[in-house]
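Protein chains in written order, with the numbering used here: chain A, 1 to 318; chain D, 1 to 338.
Rather than coming from a laboratory, the hints here were simulated on the basis of the structure. Just so it is clear, CB atoms sit at the ideal spot from N, CA and C, and this is done for glycine as well. Treat each hint with caution, since some may be false.
Claimed, not checked - Computed list of lysine-lysine pairs in DSS-like fashion (alpha-carbon distance at most 30 Å, straight line):
{"#": "1", "chain 1": "A", "residue 1": "Lys272", "chain 2": "A", "residue 2": "Lys193"}
{"#": "2", "chain 1": "D", "residue 1": "Lys149", "chain 2": "A", "residue 2": "Lys250"}
{"#": "3", "chain 1": "A", "residue 1": "Lys161", "chain 2": "A", "residue 2": "Lys199"}
{"#": "4", "chain 1": "D", "residue 1": "Lys314", "chain 2": "A", "residue 2": "Lys246"}
{"#": "5", "chain 1": "D", "residue 1": "Lys149", "chain 2": "A", "residue 2": "Lys254"}
{"#": "6", "chain 1": "D", "residue 1": "Lys152", "chain 2": "A", "residue 2": "Lys250"}
{"#": "7", "chain 1": "A", "residue 1": "Lys161", "chain 2": "D", "residue 2": "Lys287"}
{"#": "8", "chain 1": "A", "residue 1": "Lys272", "chain 2": "D", "residue 2": "Lys149"}
{"#": "9", "chain 1": "A", "residue 1": "Lys193", "chain 2": "D", "residue 2": "Lys287"}
{"#": "10", "chain 1": "A", "residue 1": "Lys192", "chain 2": "A", "residue 2": "Lys246"}
{"#": "11", "chain 1": "A", "residue 1": "Lys156", "chain 2": "A", "residue 2": "Lys180"}
{"#": "12", "chain 1": "A", "residue 1": "Lys156", "chain 2": "A", "residue 2": "Lys197"}
{"#": "13", "chain 1": "A", "residue 1": "Lys156", "chain 2": "D", "residue 2": "Lys152"}
{"#": "14", "chain 1": "D", "residue 1": "Lys152", "chain 2": "A", "residue 2": "Lys246"}
{"#": "15", "chain 1": "D", "residue 1": "Lys287", "chain 2": "A", "residue 2": "Lys181"}
{"#": "16", "chain 1": "D", "residue 1": "Lys287", "chain 2": "A", "residue 2": "Lys192"}
{"#": "17", "chain 1": "A", "residue 1": "Lys114", "chain 2": "A", "residue 2": "Lys254"}
{"#": "18", "chain 1": "A", "residue 1": "Lys226", "chain 2": "D", "residue 2": "Lys287"}
{"#": "19", "chain 1": "D", "residue 1": "Lys287", "chain 2": "A", "residue 2": "Lys250"}
{"#": "20", "chain 1": "D", "residue 1": "Lys149", "chain 2": "A", "residue 2": "Lys314"}
{"#": "21", "chain 1": "A", "residue 1": "Lys180", "chain 2": "A", "residue 2": "Lys197"}
{"#": "22", "chain 1": "A", "residue 1": "Lys193", "chain 2": "A", "residue 2": "Lys314"}
{"#": "23", "chain 1": "D", "residue 1": "Lys287", "chain 2": "A", "residue 2": "Lys246"}
{"#": "24", "chain 1": "D", "residue 1": "Lys152", "chain 2": "A", "residue 2": "Lys254"}
{"#": "25", "chain 1": "D", "residue 1": "Lys287", "chain 2": "A", "residue 2": "Lys254"}
{"#": "26", "chain 1": "A", "residue 1": "Lys193", "chain 2": "A", "residue 2": "Lys250"}
{"#": "27", "chain 1": "D", "residue 1": "Lys287", "chain 2": "A", "residue 2": "Lys197"}
{"#": "28", "chain 1": "A", "residue 1": "Lys180", "chain 2": "D", "residue 2": "Lys152"}
What the hints assert, rightly or not - Where chain A lies over chain D, by a calculated footprint (3+ residues, C-beta under 8 Å):
{"#": "29", "segment": "32-46"}
{"#": "30", "segment": "138-145"}
{"#": "31", "segment": "280-290"}
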Amino acid sequence: MGARTFKKVLVGVATAALALSTTVPAQAADQPVVAFSPMSNQIPALIGMFHGFEGFGASQGLKVIQAPDANFDPATQKKNLEALIRNGQIKGWWSLAAGAPSTLRSTLLMAQRKGIVAIVNGTPADYGFSGKQRGITFSAIDYATMGTKLGEGMGKCLVAKKEATAEVILGANPAGTVGKKEMEAAFLAAFKKAAPKAKIVATIATGGDTAKAQTAIRTALQAHPKAVAFNGWSDEATLGAINAFKSANKFSAKTTCIVGGGGNDEILAAQKSGIVYSVAKLDFEGDLVQSVLTLKEMVADPTKLGKLLSVPVKVFTN
Amino acid sequence: MKKFDSLSILVFIRSWGITTLLAMLLIFFSIWAAPVFGTLENFSLLLGNAAIPAIFAAAIAMGAYSGALDLSVPGTAALSSVVMAIMIGAGIDTVPAIGVALVIGIAIGLMNGLIVQTGLNPLAVTIGTLSITSGIAAIITDGLPLFDKMEKLEWLGLTDYFGIPSPFFVVAFIYIIGTIFLTKTRGGVRFLAAGGNPEALRRSGVNANVYRLLGFTLSGLIAAIGGVMNSAYTAQATPGAPTSVLFDGLTAVALSGLALSGGRGSLPKVWVGSMVVTVIGSGLLIKNIQPFWTISITGALLIAALAGEHYIGKAVAKQAVSKSTVSAHKEAKKAEVK
Numbered sequence: 001m002g003a004r005t006f007k008k009v010l011v012g013v014a015t016a017a018l019a020l021s022t023t024v025p026a027q028a029a030d031q032p033v034v035a036f037s038p039m040s041n042q043i044p045a046l047i048g049m050f051h052g053f054e055g056f057g058a059s060q061g062l063k064v065i066q067a068p069d070a071n072f073d074p075a076t077q078k079k080n081l082e083a084l085i086r087n088g089q090i091k092g093w094w095s096l097a098a099g100a101p102s103t104l105r106s107t108l109l110m111a112q113r114k115g116i117v118a119i120v121n122g123t124p125a126d127y128g129f130s131g132k133q134r135g136i137t138f139s140a141i142d143y144a145t146m147g148t149k150l151g152e153g154m155g156k157c158l159v160a161k162k163e164a165t166a167e168v169i170l171g172a173n174p175a176g177t178v179g180k181k182e183m184e185a186a187f188l189a190a191f192k193k194a195a196p197k198a199k200i201v202a203t204i205a206t207g208g209d210t211a212k213a214q215t216a217i218r219t220a221l222q223a224h225p226k227a228v229a230f231n232g233w234s235d236e237a238t239l240g241a242i243n244a245f246k247s248a249n250k251f252s253a254k255t256t257c258i259v260g261g262g263g264n265d266e267i268l269a270a271q272k273s274g275i276v277y278s279v280a281k282l283d284f285e286g287d288l289v290q291s292v293l294t295l296k297e298m299v300a301d302p303t304k305l306g307k308l309l310s311v312p313v314k315v316f317t318n
Numbered sequence: 001m002k003k004f005d006s007l008s009i010l011v012f013i014r015s016w017g018i019t020t021l022l023a024m025l026l027i028f029f030s031i032w033a034a035p036v037f038g039t040l041e042n043f044s045l046l047l048g049n050a051a052i053p054a055i056f057a058a059a060i061a062m063g064a065y066s067g068a069l070d071l072s073v074p075g076t077a078a079l080s081s082v083v084m085a086i087m088i089g090a091g092i093d094t095v096p097a098i099g100v101a102l103v104i105g106i107a108i109g110l111m112n113g114l115i116v117q118t119g120l121n122p123l124a125v126t127i128g129t130l131s132i133t134s135g136i137a138a139i140i141t142d143g144l145p146l147f148d149k150m151e152k153l154e155w156l157g158l159t160d161y162f163g164i165p166s167p168f169f170v171v172a173f174i175y176i177i178g179t180i181f182l183t184k185t186r187g188g189v190r191f192l193a194a195g196g197n198p199e200a201l202r203r204s205g206v207n208a209n210v211y212r213l214l215g216f217t218l219s220g221l222i223a224a225i226g227g228v229m230n231s232a233y234t235a236q237a238t239p240g241a242p243t244s245v246l247f248d249g250l251t252a253v254a255l256s257g258l259a260l261s262g263g264r265g266s267l268p269k270v271w272v273g274s275m276v277v278t279v280i281g282s283g284l285l286i287k288n289i290q291p292f293w294t295i296s297i298t299g300a301l302l303i304a305a306l307a308g309e310h311y312i313g314k315a316v317a318k319q320a321v322s323k324s325t326v327s328a329h330k331e332a333k334k335a336e337v338k
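All chains, full assembly: derive it from the sequences and hints.
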């Protein structure tokens, strides 16, 4: 490409960009822009959630944009949201805290002053507030229910498969996971109630890395060859368990009990085919609808008190 | 009988330190985590568990040998594995799909090498490539994992042959071929020299750039093999670059005593480094010790190994100098007497 042609292209691009930028405010005035800021933009379930938010938001007159990736860093998430607020690019947002929710307290206060609304995950106390707040809706995941459902599922599976006295490898969330304490305590309580004679022989922390979970579970199966059950707290851990049981030649539809929290397509297919006994899935579709409708209401009147919502849990059991 | 002086002991420790450490760990855990750890069955499992980290460690080592740390390894692995998964999902046979994944790895490595040869910083270039490849992998998959028909790869990632998990055979192949290349061929010697002393190579009339390019290409190829193996092992391909493999690989490379500035190092020791990390994790897991200990112990071991390498290296140099000074004095005295 010659220098003159290149210059022409540059002028053309600049003119087009100028034309676009002049149309943006008009579009923004018609359609309020709201951002989606999860803990990471790379988690498959959250990518699906963004597309759902984008689609349903558009049907409700909201233009949904994706905030830059927080990449599990609370400081990055805070910085990204504050940039969107300061630049006047958004009228509201929906965030899933990348770390301790309290990091976003000052961001929420800044947004309140500017009349920008938010839906955040957790309770008012998590963010240092008490009760309902102007322009802020708190959407809490019922971690205890999630743990209870999985614990019940595992216990029922062992009893149904006549393995009530079986050895069990317990899955644990990685340190620092939001809701870890509530989920795991509720799981244990429900599991012990449903299968009181089962013996927990090992506990393994598994996060979002299938290969690592798989390696750890297979090693645990080596140490405890009679173990027949595992509970994954994520799709990755559950998938790792399936592969580990299979590759160790210890998977049997008659005796193995794998339960999982999460519920992507692959794990739900495994549940339908009987490989996974029970899946507790956070009903993000249901949550999506209530969140978008709430966000729409709050954008229309940022001075109103926000709501206290709860994310429903759906259970799929064989 | 040969008399061992302090210099030969120090040289032995420098040469065999990591292997001795692995042997000590195996003995320790065989006693402490008996009866499970010390079995043949568990040893074969350890070989399998160390396989994928060892492949990524080899990819990093190949870059390091030629004097450049290739940080694009996870991105290369992610992109090549998702392209392979798309092809398998579309009904294409696994072998050509794997072939395409490997070609992608080679192309990325070659691209890194060519860009670096223009004079840009290799770290910055490979970080940029990591972002580009991870981004493309996420774009073509819409960020979602691919698992359609991935069970076709079970023969490669989830099957045991002669009681040993299949990934180990891939590792053995890479490490044997790599070691033969580095130690038995002229190209291998030049390849190492390209990282350690490129100027000397240039003065002897050899184009060092060709060998640095080879380092990046091999790194890309092995990273792609790592991506394929990771997908075969987990029965899915994920677009997210597995950045934790960088840490695992770097740990194994550093434990092996390989200089990250290039020029020297032994590929089998990199495998031993991967085994050390795997053995610690496995032993503690069998004893049901909290997994967070594994992270801390591995980190402490890494610092101890680097410090040991540093001080033993210094001690060897000091002893060698004093020994050569003494022998020079002796020679001089002999000459005077004569």
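Unmet hints by their number, sorted upward, for this structure: Checked against the structure, the hints that fail are numbers 4, 13, 17, 28, while the rest are satisfied.
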